[in-house]
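Build out the structure end to end from the sequences listed, making use of the hints.
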Amino acid sequence: MAEALLFVVMGLGALASAVTVVIARNPIYSAMGLLGTLLSVAVLYVVQLAHLVAAVQVIVYAGAVLTLFLFVIMLIGVDKDDKREENLPYQRWIVGGLALVIVGFAAGITIFGDFDWVPAATAIDPAATNGTVEAVAEPMFTDWVLAFEATALLLTVAAAGAIALAHYRRRAS
Amino acid sequence: MITPEISWLAILPEVLLAVGAAGVLLVEVQWKPEANVLGTIAAGSIVFAAAFSVLQWFQAGDSVELGTTGDLVVFSGLVLMDGLAIFGRFALLAVTGFGLMAAWKYIDSLGRRSAEAIALVLLATSGFSIMVAANNLVMMFLGLEVGSIALYVLAGMSRERARSDEAAIKYFLLGSFASAIFIYGVALLYAGTGEFEILGIRDFLAGFVVFSPAVILIGLGLVVVGLGFKVSAAPFHSWAPDVYQGAPAGLVGYMAAVAKIAGFVAITRILLAGVETLDADWLPIVAAIAALSMLVGSTLALVQDDVRRMLAYSGVAHAGFILTGVVGGTTEGVLFYLVVYSLQLVGAFAVAAAVSGAENAESSLESFRGLGRRSPFLAGSFTVLLLGMAGLPVTSGFIAKFGVFTQAWNSGFRWLVIVAVLASVIAFAFYLRIIVAMYMDESEAADLDVPATSRWVLIVAVGTTILWGILPGSLLSLAADALPL
Amino acid sequence: MLTWLVLLPVVGALVVMSTPPARRELHLPMGVALSVMPLGLALYVFAVFEPQSAMQLTEFHSWYEPWGIAWNLGIDGISMPMVLLTTILVPIALGASTKVTKRTKEFVVYTLLLEAGMIGVFVALDLFLFFIFFEAILAPMYFIIGIWGSERRVYAAMKFFIYTAFGSALMLAGIIALAVLHNEQVGAPSFALADLSGLALSGGAERWLFAAFALAFAIKVPVFPLHTWLPDAHTEAPTAGSILLAGVMLKLGTYGLLRFNLQLFPEASVDAIWVMGILAVIGIVYGAAVAIVQPDLKKLVAYSSVSHLGFIVLGTFALTSGGLQGAVIQNVNHGLTTGALFLLVGMIYERRHTKEISEFGGLQKVMPVFAGFFLFMIFASIGLPGLNGFVGEFLVLIGSYTTLPVLAIIAASGVILAAIYLLWAYERVFTGVPEKEENKMLSDLSVREVSLLAPLAALVLLLGLYPNILLDKIAPSTEAVLDHIEASTDYQVPAPGRLGDVFVAGGEEE
Amino acid sequence: MVEPGWYMGLAGALFLIGALGLLLRRNALVMFMCIELMLNAVNLTLISAGRALNDINGQVAVFFILVVAAAEVVVGLAIIVAIFRLRASASVDELSELRG
Amino acid sequence: MVVTDFLWLVIALPLAGAVFLHFFGRFLREPLSGWLAGAAVGGSFAFAVAAALPFMEGGGHGETLLLWEWMPAIGANLEILWDPLSALMTLIVAGVGFLIHIFAIGYMHGDERFHRFFTYLNLFAASMLTLVLAGNYAMLFLGWELVGLCSYLLIGFWYTRAAPPPAAKKAFIVNRIGDFGFMVGLMIVFTAFGTLSYSGIFERAGDVLTTGLATAIGLLFLLGAAGKSAQIPLYVWLPDAMEGPTPVSALIHAATMVTAGVYLIARSAAVYELSIAAQVTVATIGALTAIWAASIALAQRDIKKVLAYSTVSQLGYMFIAVGATAYVAGIFHLMTHAFFKALLFLGAGSVIHAMSDEQDMRKMGGLLKKMPITGWAMAIATLAIAGIPPLAGFWSKDEILGSAFARGGWFSVLWVIGLITALLTAFYMTRQWVMVFLGEPRWEDDKQPHESPAVMTVPLLVLAVLSVVGGLINTPFRLTLENFLEPAFELVSLQHPPEGLAMFALLAGLSALAGLAGAAAAFTTYRQPAQDWMGFEHGFQPLWGTWEEAYHVDDIYGRVIVAPGRKVAEAAAFKVDLPVIDGAVNGVARVVRDVGDWARPLQTGFVRNYGALLLAGTVTIVIWLVAGQ
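Line order of the protein sequences matches chains A, B, C, D and E.
All the letters of the first sequence, read from the start, carry residue numbers 1 to 173 under the working numbering.
All the letters of the second sequence, read from the start, carry residue numbers 1001 to 1485 under the working numbering.
All the letters of the third sequence, read from the start, carry residue numbers 2001 to 2510 under the working numbering.
All the letters of the fourth sequence, read from the start, carry residue numbers 3001 to 3100 under the working numbering.
All the letters of the fifth sequence, read from the start, carry residue numbers 4001 to 4629 under the working numbering.
You may find that some hints are simply not true.
Stated by the list, open to error - Once the Cα atoms are required to be at most 30 Å apart in a straight line, the calculated DSS-like pairs of lysine-lysine come out as:
| hint | chain 1 | residue 1 | chain 2 | residue 2 |
| --- | --- | --- | --- | --- |
| 1 | C | LYS2365 | C | LYS2299 |
| 2 | C | LYS2102 | C | LYS2299 |
| 3 | C | LYS2299 | C | LYS2436 |
| 4 | C | LYS2299 | E | LYS4567 |
| 5 | C | LYS2365 | C | LYS2436 |
| 6 | C | LYS2299 | C | LYS2440 |
| 7 | E | LYS4567 | C | LYS2436 |
| 8 | C | LYS2299 | E | LYS4575 |
| 9 | C | LYS2440 | C | LYS2099 |
What the hints assert, rightly or not - Every beta carbon over 12 Å from chain D, so not counted as near; a handful from chain E, in silico:
| hint | residue |
| --- | --- |
| 10 | GLY4409 |
| 11 | MET4503 |
| 12 | TYR4557 |
These aren't lab readings, by the way, just hints derived from the structure by calculation.
Using N, Cα and C, we set each Cβ at its ideal position, and we do this for glycine too.
Here it is as structure tokens:
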């Protein structure tokens, strides 16, 4: 019951924050909306016993990524509000139409289509997915070790890429 | 103690590439040498990576012969060392090597930033190399992202031009969007099957009857979209013309080719090795994408005035042709086409770069006028490559088209073959437009110099185009052996 | 042997390619000399050719086993004359190209590659190989028209390329379909003509495949109403291009119809007699009618090709001995006469830089030799007995009357129209007194030009009076085609007069 | 307890909002945030699915996606900053020179 | 060694002459090439005489000599059929041809293309001999077309003048229309018999052909014959053909080539035998042509035009004969006509030569004194053609009319027409002779008429002799020709004039009377001063004018056939071919381009549009996938 309550509250929170991201005119508010979503979702992780992931979400996302976003927003200028008018013809109509189609489709398969998110599901055993550090670390460093190593590559790329993009700045200025 | 399952040979090429990239960056920081030194390091890592790929090929061949194919599933099933992976990897390495050579003049001109460019190229290749070998879809996603992020940056490398920025941000935003769609698809596939591994999904589908497979199908659809974006199949192609035009001319050939190779190997692996049992569901859709790509690509290429845009749209059409091979259901034709086309693509952009100049000023059709006189070598090579892409007989392009058409016809998609042959007629028209400009229009412009590295790339590209057009057997039999597990 | 026949021009092209670009005066003579070598080889083939129905001098090398493609060459009575024609026309076309001053080397290279491709088309017994040659030759021809043509060359070259590529694209689908069917029925893919003609095809499939092949060849021929690329291509092409285009490339279409459509789809061919016949006859009359009012000499000859090739198509689909033999020999005849006419038009174009009929007049006075050759070729083209054109046309008409009487009669009216447009053109160009100043000072043919025309004229006469030199060798092969059709359908080749053969034999004994 | 399907439905909604936001906003930064939203939705899906399947691998996968997101942010923001430096605007609508 | 083994020499000699003159003629001085050509034809004649001697003894059956295989698939080889009919034709062609060659040496004197003229003339002789010696229809057609070619070349010989080239073209094209019929006839023949060889056809004709088929073949052959022999409706080319040098008119357009149609029908007698309808049509066409052309000839002013229409008319007689199955009579008239018409033309040529190319008879007159040989020779020919006994024309024409009369029925009508034509013939021929040779000189002052040299007058005299005695080889009293030709027609039943002297006397008397009446009327009319006969002619207006304008047939053809035909061709070329057919082709290309141009703006350059497209594609695919389930 508590879980249901949390789900509803946090779920609505996540949605509301997400909508904020989309509709806020000032990027700062969007960032705050994103923060709200991230935190709400982190709570939902905890509810689903993904403790470590939730922690990482808060630290990495809310802590690092969002800070980065804020930095850039500051750089660009906080005081600039975006205009609300759409200057691409039909864009809103197309997107609205697509949204309607997607929602209609989702509603359709949910109501009429016997839709099952997890058709292979078995009885849930909370112990199996109790996301403690140990439980997550073991597969990560055995079965997934190569993927873990690949993240190193990813970060190298990100670093080298950022440098490459910024490098020019030095020369040009 | 639990130990990870490690197979060094399987990832040695990627490791070498990463080491090469790191080496380039470090050497640059420490010694600030000439770009040629960095190039040598890169070349070394590519050559060694290729050498180990060859070793892998024989290893994999032995395993297939001995029936111990289980050995080829390595790193707990994260990656595979099957023929498809090794073939794709080798193709990537070849394209990387030639791509770097073709881009060398440009890279050289970057000065100190050349190290980053080379490193990014090597890293991108290692990422895509992981992608072609990946069995685990998350692993595939990682490889895809490593490669893609590197490409986003490369697209924006040429900071002297505002267009390069535009290309980079478009590529980045749309690419991230597509990646998100891809990984959401992976998540849904996971939800539907409980598996991240392609082979696992195959076993799952073979072993269970799923009563409401909608989630699997949606997941599959999203995965296909994500990969379709990478290979610039219509309607996910919109980025390609803008990026090809805006990105540095020298590098575009490489960027386009590796993305296509990796994307198509992944598509082939997922569709043909993973969800083959669902082919009744996906075949018509892939066929539709193929047809749309061919038509959109050819028709739009016809009306372009910029050679790079034209090549981009032709790339869309080629994506359609290769997808026709996927519909055909065997890897042979797809792989042959991929190799042939990527080499031609690298060569073609080498020409475009040589004509545009190092700083990619212009690649309008106008600037190709009279190339037949200004540089007979460039014009001649370009002509062969264009005719090869168009699929004129005696070039490898024809064999490639013929292969995928035959496969598609064999699997009953006759309408697709007919659309394909008609699209290839339209394609002739726009390739010929370039040839017309080169030979049949006159120009007062000065003669052009071709950098030695580009010259070699072109010799190889033209040579293989003709060689495999006449004696396709060597490559075809390799492609036929490059089967997924 | 045949491999060498195909490869010799390629080798020649490589040789020319390797000569220094600066020595441009060398390229053309080299080209002529190199293209005489295949002619020699072709003459040798002609000499050793046995008048029998089977393929001769066959060669087989597997190419890529899993696909069933092979380097499969052979020659029979249908292809041998075409090979001969090709090898004869190429040196002449090159010899006529002394006015090609820009990029001579490339010109020679393209022409030699074109020759290799054309020979390849005629000797290929593997459909895949055939298609390779069939399509590959578009490129050199495209360049020849596009680079060395006149004002609207780019448009014409493009139209030529795309139009014909469109046709062959569908044929490619057809070839693939056949190979796949072979795979289904026999268990291994094969592209060999002999294998594929034994396939069991359902009626519908056969019709579709027939249509795909027929479309490709009909565009190439060209059959009405697919002909409009031809006048454009001819008008813009340089002389050598026109000669080879009219002389050989159009024949790829008629040859294809005869070799592939009849052989592979006998049932559909029999069903298509009327359709193809009607189109052919429309082409004959229509092409001639349009030719009458053309203001441009080259266009006139081009439309006359449309008309003349209608005879070949009619003969092919008449499905009688006379029709088929006539079609094959008319291929050669048309190549010689129309090739010569284009050569002649080219010669006058080189002198006057115009092809407008109204620009000329009274040329016979200043260029009597030229006029003589022109008139000779005109009459060959009109179908004057004793010259080659008649043999083909007459055989076709006589042959097709048995199966398609009404069409044959309409087709016969083409001979009237041919006389009208050609003689009227001759009258306007050559007779009277030269009035224009430019025309008064024209020089007559040089020794080189005469030596180009003389062999053609000699062949025109030889084939007109002693066509048996070829007919002997053609007949067994065309009979084999008819036997094949009879064996695989209900169709009975009509035997005119039933006792006819007996009487012919009797006549010979006397 | 709440069925995993609900979580996944929620994730789907978030994904959709992210996607729509991407298409509706012209500020590159906000568009980028929307991509983060979408990735977040993917993570929620994975965790819920893993829970339903009694499979810890779902949570492991989330880690890697987080890393990807982070790496994308680095490069993406670098590109945005670079563009802003040149044009003093973060609106992608002003970048439409390449077209046709 | 038999002489017939060398028959090929008959064709080969003039052919060799032509080839030799073609290549080396320019190196020979003027008369030499003429003599060479003449010798070649003369050689042929001599050979033919030698080879024909066996037939003289009667009962000579034909034999076929194969030269080489030509188109064996249709039983068409180059083979010579040597039978009395071909022998006779050979003799006529080579004989008359020889004389005309000689004449032309004088006539063409001074022409800059003298040797070329004899090249063509020799080629013609070879072609015509090929035609008559052919052993099958294909080879006949070979000769048939080659003589057409020579006709074209020779009519247009003076190519720098305005009129000859179009006349040559007209001749060839009109002939081609006839050839069209001939070819279609051959198609039917081949289909029916499986061969084109005479030997394979005639003997089996009765078994193979139905009446309908025989009629069809007969009528189609008639069309061919009408083209070559200038019969209604295809005669229009012959008057124009007079633009050629006069020896050409004599040889080709009077004596030999134009009779090929008659020869064709005679040769095909076995086929016509099976179809009364075809026979009647042939004869009727002949009769109509005869009177039609004769009436036109009445009013012609051009000396050669009179002869041209006269030729058309006389050929009509021959058609009446062959139509009536009186083949011998037809061939007989063919022969005598060859003599006197060649003579007339040569005489006219001599006159024209003397008058420095003046052809208008109103500007002649009184020439008999200036050129007596020509004048008297032409007088003989005029009497011969007018049918005045006992000259050649009388016998042959009488035999034709007699045969028609004997055939009865419809042929009686034709007989009446023939009789009227005889009257007209006598009138216009006499009119011509009188206008040219008698009366006051009306020529312009600068003309210096003079008798022609011997090289021209000797052939005239030879022909004059033949015109006098030629008829005697086949009189009711002595049927030499009949006996000679009989074997060639053994498959058919020949029509003969009525038996008995009384009938002969009656009929001959009638036709002689017609001839005499016509001649007398013309003589008296045109003996008068010029203004009188001009008044006489004027009295017949507007009929006379119509005749003078040849019934405006050329004009009508031009308006009804040529002009609309051109319109159709122009419409096909410029209203159909370019805009519609080519337009469709370019239209397809344009549509593809237009689609591309239309789609280009969809690539807006706005990344959010691209995103929307991406999402739309995604949604479509997902829905399709799920809905397909």
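**Request:** Taking the numbered hints from earlier one at a time, note which ones the structure violates and give those numbers from smallest to largest.
**Result:** Violated hints: none at all, because every hint is consistent with the structure.
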